[in-house]
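Student: Here are the chains, one letter per residue:
Number of protein chains: 2
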Amino acid sequence: MIKLYNYGPSGNGYKVALLLNQLGLTFETVEVDANHGGTRTPEFLAINPAGKIPVVVLTNGVAIAESNAILWYFAERTAHLPEGRLRHARVLQWMFFEQYSHEPYIAVARNWVAHTGLDERRRRELPEKHERGLAALGVMERRLSDHPFLVADRYTIADIALFAYTHVAHEGGFDMSRFPAIRAWIDRVREQPGHVALGHG
Amino acid sequence: MIKLYNYGPSGNGYKVALLLNQLGLTFETVEVDANHGGTRTPEFLAINPAGKIPVVVLTNGVAIAESNAILWYFAERTAHLPEGRLRHARVLQWMFFEQYSHEPYIAVARNWVAHTGLDERRRRELPEKHERGLAALGVMERRLSDHPFLVADRYTIADIALFAYTHVAHEGGFDMSRFPAIRAWIDRVREQPGHVALGHG
Numbered sequence: 001m002i003k004l005y006n007y008g009p010s011g012n013g014y015k016v017a018l019l020l021n022q023l024g025l026t027f028e029t030v031e032v033d034a035n036h037g038g039t040r041t042p043e044f045l046a047i048n049p050a051g052k053i054p055v056v057v058l059t060n061g062v063a064i065a066e067s068n069a070i071l072w073y074f075a076e077r078t079a080h081l082p083e084g085r086l087r088h089a090r091v092l093q094w095m096f097f098e099q100y101s102h103e104p105y106i107a108v109a110r111n112w113v114a115h116t117g118l119d120e121r122r123r124r125e126l127p128e129k130h131e132r133g134l135a136a137l138g139v140m141e142r143r144l145s146d147h148p149f150l151v152a153d154r155y156t157i158a159d160i161a162l163f164a165y166t167h168v169a170h171e172g173g174f175d176m177s178r179f180p181a182i183r184a185w186i187d188r189v190r191e192q193p194g195h196v197a198l199g200h201g
Numbered sequence: 001m002i003k004l005y006n007y008g009p010s011g012n013g014y015k016v017a018l019l020l021n022q023l024g025l026t027f028e029t030v031e032v033d034a035n036h037g038g039t040r041t042p043e044f045l046a047i048n049p050a051g052k053i054p055v056v057v058l059t060n061g062v063a064i065a066e067s068n069a070i071l072w073y074f075a076e077r078t079a080h081l082p083e084g085r086l087r088h089a090r091v092l093q094w095m096f097f098e099q100y101s102h103e104p105y106i107a108v109a110r111n112w113v114a115h116t117g118l119d120e121r122r123r124r125e126l127p128e129k130h131e132r133g134l135a136a137l138g139v140m141e142r143r144l145s146d147h148p149f150l151v152a153d154r155y156t157i158a159d160i161a162l163f164a165y166t167h168v169a170h171e172g173g174f175d176m177s178r179f180p181a182i183r184a185w186i187d188r189v190r191e192q193p194g195h196v197a198l199g200h201g
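Which chain is which? The protein sequence lines are Z and P, in order.
With the numbering used here, the residue at position 6 of the first sequence is 6, and numbering never jumps.
With the numbering used here, the residue at position 8 of the second sequence is 8, and numbering never jumps.
Think of the hints as simulated: they come from the structure by calculation, not from any bench.
Predicted model only: the values in this text are computed from it and were never measured.
Think of the CB as a built atom: it goes at the ideal place given N, C-alpha and C, for glycine as much as any other residue.
Worth double-checking, as some hints may not be accurate.
Only part of the chain P face toward chain Z is listed, based on derived beta-carbon distances under 8 Å [stated by the list, open to error]:
no.	residue
1	E66
2	Y73
3	E76
4	T78
5	A89
6	F96
Distance windows between CB atoms, simulated [to be verified]:
no.	chain 1	residue 1	chain 2	residue 2	range
7	Z	L23	P	S177	31 to 41 Å
8	Z	A135	P	L118	38 to 48 Å
9	Z	N35	P	H147	25 to 35 Å
10	Z	I2	P	R87	26 to 36 Å
11	Z	R154	P	R142	34 to 44 Å
12	Z	N60	P	E43	27 to 37 Å
13	P	R178	Z	R121	21 to 31 Å
14	P	L86	Z	E43	18 to 28 Å
Please work from the sequences and hints to get the whole structure.
Tutor: Okay, here's the thing in structure tokens:
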């Protein structure tokens, strides 16, 4: 059976759990406490030398890391990844945007505020996380103000990648009342067949 | 003709210039001064709402952003992107690693040290950039100590994505004498047909 090494509150892990559920694939979750050193043990580093969850281990023992690479692996040749070179590039454009310009601000602010707590240094850095996170949400809002989904006007792994931390951004102190198009999109994503909530994957 | 919006010292822009050269595609470079507001003008934001270089504009006017998404677009169905679901996932795994765990430390340290200068805050943050950058180089070193390239034992866009900032990491203060496998790989990448140096793309 496919194994998903995950940490409960992780949006990156949730992306994978959500897609596997929607594809009807059976998998076993192995919980790793990423906030308390669980990704730094020799056993875990043997699976992913980069020391990060999520990781999937396929039934043949092959391990794949990086949440969005895992999404791509399972979505290829399914309805969750539209065909064509330009659409592939568009899906990847949003997924790289997520990892570089969205997750480091929105997910990190949430992890600090809702999970691991604020010390003096984090208090000093939080306003910049909020500023850059709001900029990323602004980019999404513009796209979603005249498109139902991020790519090809249908639900794809680009939506899964961005939904994971966007739908819990308020937990990190982001005021989502400023983003009506994102809120409508969150509702549309939740209505997709096979949707499961974070923490219930 | 394909237009590449680029900023001379950018490794992210260099990735695209290198691949286009190696594929024999003709393109025109439009220089944007990303360190002095050039990516924040209304004209540039109309091309890429995320306000970042590189961006390519195809001959039909379609714009694609995010360096690694652009690499994927041009490499699909060429020798630079090996076939198969698992190899696709491996290439993406390295490219997402690059954007999340490598570039924010290695490229940013280089930009500060070699291009934009260090103020008090950056001096305080530089040691952490170095620590995390060294961790990323350690992950690459392990892989390259028994493989000639990052994926499928041949030169792919994963190598282009990681080469861009790794080969100039010393400019940001990284001691590359600690990474002999990476140095040998840098030599192998430079020997590839059609290779061009950063700043000469």
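Student: Each hint: holds or not?
Tutor: These are the hints, each one checked on the structure:
The interface hint given for E66/P holds, since its Cβ lies 4 Å from the closest Cβ of chain Z, which is under the 8 Å cut-off. With its C-beta approaching chain Z no nearer than about 4 Å, Y73/P sits inside the 8 Å limit, and its interface hint holds. The interface hint given for E76/P is met, as the beta carbon of that residue sits about 5 Å from the closest beta carbon of chain Z, less than 8 Å. Contact between T78/P and chain Z, as hinted, is not supported at the beta carbon level, the nearest pair being about 11 Å apart and thus beyond 8 Å.
Taken as an interface hint, A89/P checks out: its beta carbon lies about 4 Å from the nearest beta carbon of chain Z, inside 8 Å. Hint status for F96/P relative to chain Z: holds, with the closest Cβ pair at about 4 Å, below 8 Å. At roughly 47 Å, the beta carbons of L23/Z and S177/P sit outside the given window of 31 to 41 Å. The beta-carbon spacing between A135/Z and L118/P, approximately 24 Å, falls outside the hinted interval of 38 to 48 Å.
Distance hint for N35/Z and H147/P: a CB-CB separation of about 32 Å, consistent with the stated range 25 to 35 Å. At about 19 Å, the beta-carbon gap between I2/Z and R87/P misses the expected band of 26 to 36 Å. For the hinted restraint 34 to 44 Å between R154/Z and R142/P, the CB-CB distance of approximately 40 Å keeps it satisfied. In this structure the supplied range 27 to 37 Å is violated for N60/Z paired with E43/P, their Cβ-Cβ distance being about 51 Å.
The hinted range of 21 to 31 Å is satisfied by R178/P and R121/Z, whose Cβ atoms lie roughly 28 Å apart. For the hinted restraint 18 to 28 Å between L86/P and E43/Z, the CB-CB distance of approximately 23 Å keeps it satisfied.
Going down the numbered hints, you'll see the structure goes against 4, 7, 8, 10, 12, while the others check out.
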